[in-house]
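Peer 1: If you want the building blocks of each chain, they are given just below.
Number of protein chains: 2
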Amino acid sequence: MNNTFTTYQNLIEKEIGNIAFGGGPIELYEPLSYMMHLGGKRFRPVLVLMAHELFGGNKPEDAIYPAIGMEVFHNFTLIHDDIMDNALLRRGKPTVHTKWGQTVAILSGDVMLVKAYHFISMVRPEILPEVLQLFNETACRVCEGQQLDMNFEQKADVSIDEYVGMIGLKTAELLAGCLKMGAIIANAPMEEADRLYDFGYLLGTAFQVQDDLLDAFGNADTFGKNIGGDILANKKTWLTLKSKELAGTKDAAELDILYSSQLLPAEEKIARVMEIYHRAGVKKLTEEARDGFYHQALECLEAINLPEDKKQPLKRLAGELIVRVK
Amino acid sequence: MNNTFTTYQNLIEKEIGNIAFGGGPIELYEPLSYMMHLGGKRFRPVLVLMAHELFGGNKPEDAIYPAIGMEVFHNFTLIHDDIMDNALLRRGKPTVHTKWGQTVAILSGDVMLVKAYHFISMVRPEILPEVLQLFNETACRVCEGQQLDMNFEQKADVSIDEYVGMIGLKTAELLAGCLKMGAIIANAPMEEADRLYDFGYLLGTAFQVQDDLLDAFGNADTFGKNIGGDILANKKTWLTLKSKELAGTKDAAELDILYSSQLLPAEEKIARVMEIYHRAGVKKLTEEARDGFYHQALECLEAINLPEDKKQPLKRLAGELIVRVK
Numbered sequence: 023m024n025n026t027f028t029t030y031q032n033l034i035e036k037e038i039g040n041i042a043f044g045g046g047p048i049e050l051y052e053p054l055s056y057m058m059h060l061g062g063k064r065f066r067p068v069l070v071l072m073a074h075e076l077f078g079g080n081k082p083e084d085a086i087y088p089a090i091g092m093e094v095f096h097n098f099t100l101i102h103d104d105i106m107d108n109a110l111l112r113r114g115k116p117t118v119h120t121k122w123g124q125t126v127a128i129l130s131g132d133v134m135l136v137k138a139y140h141f142i143s144m145v146r147p148e149i150l151p152e153v154l155q156l157f158n159e160t161a162c163r164v165c166e167g168q169q170l171d172m173n174f175e176q177k178a179d180v181s182i183d184e185y186v187g188m189i190g191l192k193t194a195e196l197l198a199g200c201l202k203m204g205a206i207i208a209n210a211p212m213e214e215a216d217r218l219y220d221f222g223y224l225l226g227t228a229f230q231v232q233d234d235l236l237d238a239f240g241n242a243d244t245f246g247k248n249i250g251g252d253i254l255a256n257k258k259t260w261l262t263l264k265s266k267e268l269a270g271t272k273d274a275a276e277l278d279i280l281y282s283s284q285l286l287p288a289e290e291k292i293a294r295v296m297e298i299y300h301r302a303g304v305k306k307l308t309e310e311a312r313d314g315f316y317h318q319a320l321e322c323l324e325a326i327n328l329p330e331d332k333k334q335p336l337k338r339l340a341g342e343l344i345v346r347v348k
Numbered sequence: 023m024n025n026t027f028t029t030y031q032n033l034i035e036k037e038i039g040n041i042a043f044g045g046g047p048i049e050l051y052e053p054l055s056y057m058m059h060l061g062g063k064r065f066r067p068v069l070v071l072m073a074h075e076l077f078g079g080n081k082p083e084d085a086i087y088p089a090i091g092m093e094v095f096h097n098f099t100l101i102h103d104d105i106m107d108n109a110l111l112r113r114g115k116p117t118v119h120t121k122w123g124q125t126v127a128i129l130s131g132d133v134m135l136v137k138a139y140h141f142i143s144m145v146r147p148e149i150l151p152e153v154l155q156l157f158n159e160t161a162c163r164v165c166e167g168q169q170l171d172m173n174f175e176q177k178a179d180v181s182i183d184e185y186v187g188m189i190g191l192k193t194a195e196l197l198a199g200c201l202k203m204g205a206i207i208a209n210a211p212m213e214e215a216d217r218l219y220d221f222g223y224l225l226g227t228a229f230q231v232q233d234d235l236l237d238a239f240g241n242a243d244t245f246g247k248n249i250g251g252d253i254l255a256n257k258k259t260w261l262t263l264k265s266k267e268l269a270g271t272k273d274a275a276e277l278d279i280l281y282s283s284q285l286l287p288a289e290e291k292i293a294r295v296m297e298i299y300h301r302a303g304v305k306k307l308t309e310e311a312r313d314g315f316y317h318q319a320l321e322c323l324e325a326i327n328l329p330e331d332k333k334q335p336l337k338r339l340a341g342e343l344i345v346r347v348k
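These protein sequence lines are chains C and G, in that order. If you count by the working numbering, then the first sequence holds residues 23 to 348, one letter each, in order. If you count by the working numbering, then the second sequence holds residues 23 to 348, one letter each, in order.
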C-alpha cells in the first residue's frame, strides 16, 4: 500500500488502541474490544481520512473519530453476519458467537452499533445533520444488501444485474459512504463529494468482483483464505452466475447439481466447478467486468476538479486494490 | 389514562400509521411494520410529548418524530430480547423470530435501530448534538441492563441493590430518556430537564416493581398475562430476592430448589413459591418499596419550577401507572 495509506492506517490503529469502548458489564463490552483488535486493514477509516485530505482537510484529528465510527460499524456488521452465516472463524480467530454464545453476540453487536453512532457524531455541529443522514442511509443499505445476499442463497435464478445491485449495497455503499463522509467533513462541494462517492461505489464493486475471482483463481498462500471457499459454501458469485449464463444446458445443469450437492468430497466439487468455469471462459470475462468497474471508478475520480497530484494517493490505492493478490 | 395521555396516544398512533418504514427487500422491512403495529400503549413517545408540553412546547409536531424514534427503538429492543429469551409470543402474536426466523429477526432489528436514529435526528439542528448524546447514552444503558438481566439468570446471589440497578438500566432509563428528550426539544433549562429525568427514572423503577407485584398478586383477567409467569420462568424479581433475604434458612433453600426445578407441575410450583412469599410478608414490603420510589419520583416533579397545573397531567399519569391493575 502507498505511503498515505500506511500513515493513516498507523494513526487509526494507534487511536483504536487508546479507546475504551465501554465500562461494564464486561460480558457486553469485551467482545467489542475483541473485534476491534482482531486486526484488518482499517480500509474504511483510512478512506475517510484520505477523502478528507483530498479536499484540503489538513488536520486528520478533525475526521478521525467519525472514521473510527465507520470501522466500529463495519465490525458490528461482521459480528451479526457471522451469527447469520454460522461462521466459526473470523481472521483466523473464533467469531464472537462461537467464543461467547449467540446472546452475547447479538447484544454486543447492538451496543456496537450505538457506539458507531457515538463516534460518527463527533463532528462539527454544523455538519452533523448531513453526516448523520449519510450514515443512516449507508447503514440501511448495508442491512438491505445483507438481506438480499441471504435471499439469493434460496433464489434459483439470480441475474448478474441483481448480483451487482446486492454487492453494491452490501460492500460498495460503505466504502462510498466513507469517502463521502471524509469529503463532507472537509467541506467539499456536494457535487464533488458525490463524485467521490461514485468513485468509491464503483471501486467497491470492482473490489468485490476481484474477491470472487481470487476465491477461485487466486494463490492460497497470498490470498490468505482457502481457494474454492465460495464454491464449497455454495455461494453464488459473479463467476457462477456468469458461467450459468454462458454455459451450455449441460454445464448449467451440472452447476446446479454441484451447488446443491452436500455429499461430494471438497476437492472433487471444487475441481468440477472449476472445469465449468474454464469451459465457459469466465475468468477473462470476469476480469473484464472488474476492469470495467475500475475504469469507470477512475473516471469519476478524474472528473473531480482538483489538481492531479492531490488525487494520486486514491488513484494509487485503487490500482493496488485491483492488482492485489491477497 | 388521563386526557393528555390519550390525546397524544391517538396522535402517535395516527402518525405511526402514516409512516413507510422502508422499501425493499420486503423480508427486511415487513417485521419492522409488524412490530410497530402490534399495538402497545405508546407510553414512551407519549412521555416525550408530555415533557415537551410541560416546558411550553405547544406544537407536538416539533417533537413527534423523535418521540416515534423512541418507540421504534423500544420495539427494536423487543425483537432482539425475544430472540435472547426464546419468547414465542409478544402481545399475543408470534414474535418476529418465531414468524420469520432468527436471521431475519437479527437483521430487521438492526435496521430498526438505524431507523430509530433516523427519526430521533429529526430535530432542530441546534439541539441535535444534545439529543443524540442523550439517546446514545440511553441506548447503551438499555443494552447494559439487558446484559445484566441475563447475567442475573446465572448468578446465585443477586442483591436487591443490584436488581434495582438492573431494572433502572433496562426499563427506567428509557422512560427517563424520553422525558428528558421532550424537555430538551422544548428548550427546558438543563437543570429542570434533569429533574424530569430523575422523575422518570424513579417512576420507571416503581413501575417495574409494580410489574413484579402484579405478576404474583395481580388479577389475571385485568393484568393481561398469566399470573406466576415470572415464577415459571425462574425470573429473579424483587419478590424472590426480598423473600430470600427475609425468609428463614429453610424457606430460602426451598426457594432455590423450586427455582432450579424443571419437573414440578406449573400450578404446584407457583403455589409453593407463593406460600413462601406469604410467609416472608413480601407483598407489603414490595408495595412499600414501590411507593418509596413513587414518592421520590413525585418529589422530583414537584421540584421543577413550573406552575402546579402544568405538572398535573404527568402527576396524574404517575398515579395511574402505580394503581394500575393491568
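Simulated from the structure, these hints should not be mistaken for lab results. Mixed in with the good hints, there may be bad ones.
Within a straight-line C-alpha distance of at most 30 Å, the following computed DSBU-like cross-link-like pairs (lysine-lysine) qualify [stated by the list, open to error]:
id, chain 1, residue 1, chain 2, residue 2
1, C, Lys-121, G, Lys-305
2, G, Lys-257, C, Lys-258
3, G, Lys-121, C, Lys-257
4, G, Lys-257, C, Lys-121
5, C, Lys-272, C, Lys-258
Peer 1: Against this structure, judge whether each hint is valid.
Peer 2: Going through the hints against the structure:
1. A distance of roughly 42 Å separates the Cα atoms of Lys-121/C and Lys-305/G; the hinted pair therefore is violated under the 30 Å criterion.
2. With a C-alpha separation of about 45 Å, the suggested pairing of Lys-257/G with Lys-258/C is violated against the 30 Å cut-off.
3. Of the supplied pair hints, the one linking Lys-121/G and Lys-257/C holds, its CA atoms being roughly 26 Å apart against a limit of 30 Å.
4. Under the criterion of a C-alpha separation no larger than 30 Å, the hint pairing Lys-257/G with Lys-121/C is consistent with the structure, at around 26 Å.
5. The suggested pairing of Lys-272/C with Lys-258/C holds, with an alpha-carbon distance near 18 Å, which does not exceed 30 Å.
Going through the hint list in order, the structure does not satisfy hints 1 and 2.
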